[in-house]
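Student: Input sequences plus hints: build the corresponding full structure.
In order, the protein sequence lines correspond to chains A and C. Sequential numbering of the first sequence, starting at 1, is according to our numbering. Sequential numbering of the second sequence, starting at 1001, is according to our numbering.
In case anyone wonders, no lab produced these hints; they're calculated from the structure. One or more hints might be untrue.
[What the hints assert, rightly or not] Okay, the calculated beta carbon distance ranges per label pair:
(1) Asp38/A x Leu1076/C: 50 to 58 Å
(2) Arg1072/C x Leu118/A: 46 to 54 Å
(3) Ala182/A x Lys1041/C: 49 to 57 Å
(4) Leu1008/C x Thr18/A: 38 to 46 Å
(5) Gln1022/C x Arg126/A: 16 to 24 Å
(6) Tyr1046/C x Asp163/A: 51 to 59 Å
(7) Ala68/A x Gly1007/C: 47 to 55 Å
(8) Arg95/A x Lys1041/C: 27 to 35 Å
(9) Asp1159/C x Gly120/A: 22 to 30 Å
(10) Gln1022/C x Ala31/A: 21 to 29 Å
(11) Leu45/A x Glu1165/C: 21 to 29 Å
(12) Gly120/A x Ser1040/C: 37 to 45 Å
Please read these numbers as outputs of a predicted model, since none were measured by experiment. Using N, Cα and C, we set each Cβ at its ideal position, and we do this for glycine too.
There are 2 protein chains.
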Amino acid sequence: MSRSSTGLRDRLLASALTLFVQHGFRGTSLADIASDVDCSKASLLYHFSNKEAILAELLLPVGKELVALDGRLAGLAGEAIPEAAVCGVADLAVRFRQEFKLLFDNMSDAAALPELRLQGVDGIGRRLVVAMAGGSSEPQDEVAALMTLGGMFVTGAADLPLDDETLREALIRTALRTIGRARG
Amino acid sequence: MSRSSTGLRDRLLASALTLFVQHGFRGTSLADIASDVDCSKASLLYHFSNKEAILAELLLPVGKELVALDGRLAGLAGEAIPEAAVCGVADLAVRFRQEFKLLFDNMSDAAALPELRLQGVDGIGRRLVVAMAGGSSEPQDEVAALMTLGGMFVTGAADLPLDDETLREALIRTALRTIGRARG
DNA sequence: GTCAGTTCTGACCGATCGGACAGTTACGGT
DNA sequence: ACCGTAACTGTCCGATCGGTCAGAACTGAC
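Tutor: Written out as structure tokens, the structure reads:
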């Protein structure tokens, strides 16, 4: 990563994101991040009170967007719910590719963050599956919904060489087909 | 987990599997495993030469099955390839639910295992995606294939309260629909 | 210049981890 | 009873980790 003209704090955040994505939160040490941006570990801990604070700051934007999507879904009804859930998740998966992978690969660590807990990120995953399943509790529909949500997570995080528009379109079309609501 | 009448070594393996799945490979210490089966850490290291050896032994069966599936796919042609890939992965995802989650959540650690490396687990993921995409390199087809593979991984690892037959059927039907090869 | 505040750092600390090792117990064959 | 081997354990060690702290270096305001 090396030098840049931006502030040290921003460079530390950017480095932490890529390192966390590559080697996981637990697999990345504070010394790794500091050495990547060529500063001291003490300097890193001057900008962030502790290691968890870095993870929280990286995940906070995605968390807010997920909460917003969850709220939007609660105001809908009928067939609009699954489609809105798919489009909403696809949009986030494209815009926050690395953050999605970070969240996905470090679920247990992220779930322990108080900064995200007092926001309402808790049952969102389950609610998204229910939404994509159209409220059905048939095993067939639940499996399809879970596969759709998981598939979008994985695909968004796969670092495909596709521009945002292409990826989002492909995600939405495939997801709607998977949950059996392909749009003509 | 506590006691049992089976051998200590088997109990250590079983405990390690559940603990690795729950808290990750890095997030589980040798002391955690030893204390879970109520024996000493030294005793654990008598049965397994080191921590990585435990992970390797847990993943070896799945690795072999994946290599076998990969080989079977290489002997097929045409439309049989995507269907065989889907059915093969679905079968493994059902039979090795916990191992799939373990492999998925600890990709980087698992990739570093020499025991699995000198077997051919390397490019299997990419080859499976290509197989499910039917050889197409269209972004649409590649995204659908990646979503299918990722979705099956996630769903198999989700610990759903479904029996093997129901889950496998739901996985296969949904996957074939996702890659656009739904069977009548 | 000097002074205050921000930024940054080297040195250090306690905790935890994976692992090594010598020694002890349990046990089956003779 | 003796002995060799397998199973098991207490204890110790070096490395690494996240985090603290006192102070150096830089900065602009006056």
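Student: With reference to the structure, classify each hint as holding or not holding.
Tutor: For each hint, the structure was consulted:
1. Asp38/A x Leu1076/C: 50 to 58 Å: holds, 51 Å
2. Arg1072/C x Leu118/A: 46 to 54 Å: holds, 50 Å
3. Ala182/A x Lys1041/C: 49 to 57 Å: 55 Å Cβ-Cβ, so the 49 to 57 Å window holds.
4. Leu1008/C x Thr18/A: 38 to 46 Å: holds, 42 Å
5. Gln1022/C x Arg126/A: 16 to 24 Å: The hinted range 16 to 24 Å holds for Gln1022/C and Arg126/A, with Cβ atoms some 18 Å apart.
6. Tyr1046/C x Asp163/A: 51 to 59 Å: Holds, at about 55 Å.
7. Ala68/A x Gly1007/C: 47 to 55 Å: holds, 53 Å
8. Arg95/A x Lys1041/C: 27 to 35 Å: violated, 46 Å
9. Asp1159/C x Gly120/A: 22 to 30 Å: 23 Å Cβ-Cβ, so the 22 to 30 Å window holds.
10. Gln1022/C x Ala31/A: 21 to 29 Å: Holds - the Cβ-Cβ distance for Gln1022/C and Ala31/A, about 28 Å, lies within 21 to 29 Å.
11. Leu45/A x Glu1165/C: 21 to 29 Å: Cβ of Leu45/A to Cβ of Glu1165/C: about 53 Å, so the range 21 to 29 Å is violated.
12. Gly120/A x Ser1040/C: 37 to 45 Å: Given range 37 to 45 Å: holds, Cβ gap about 44 Å.
Taken one by one, the earlier hints fail for this structure at numbers 8, 11, listed in ascending order.
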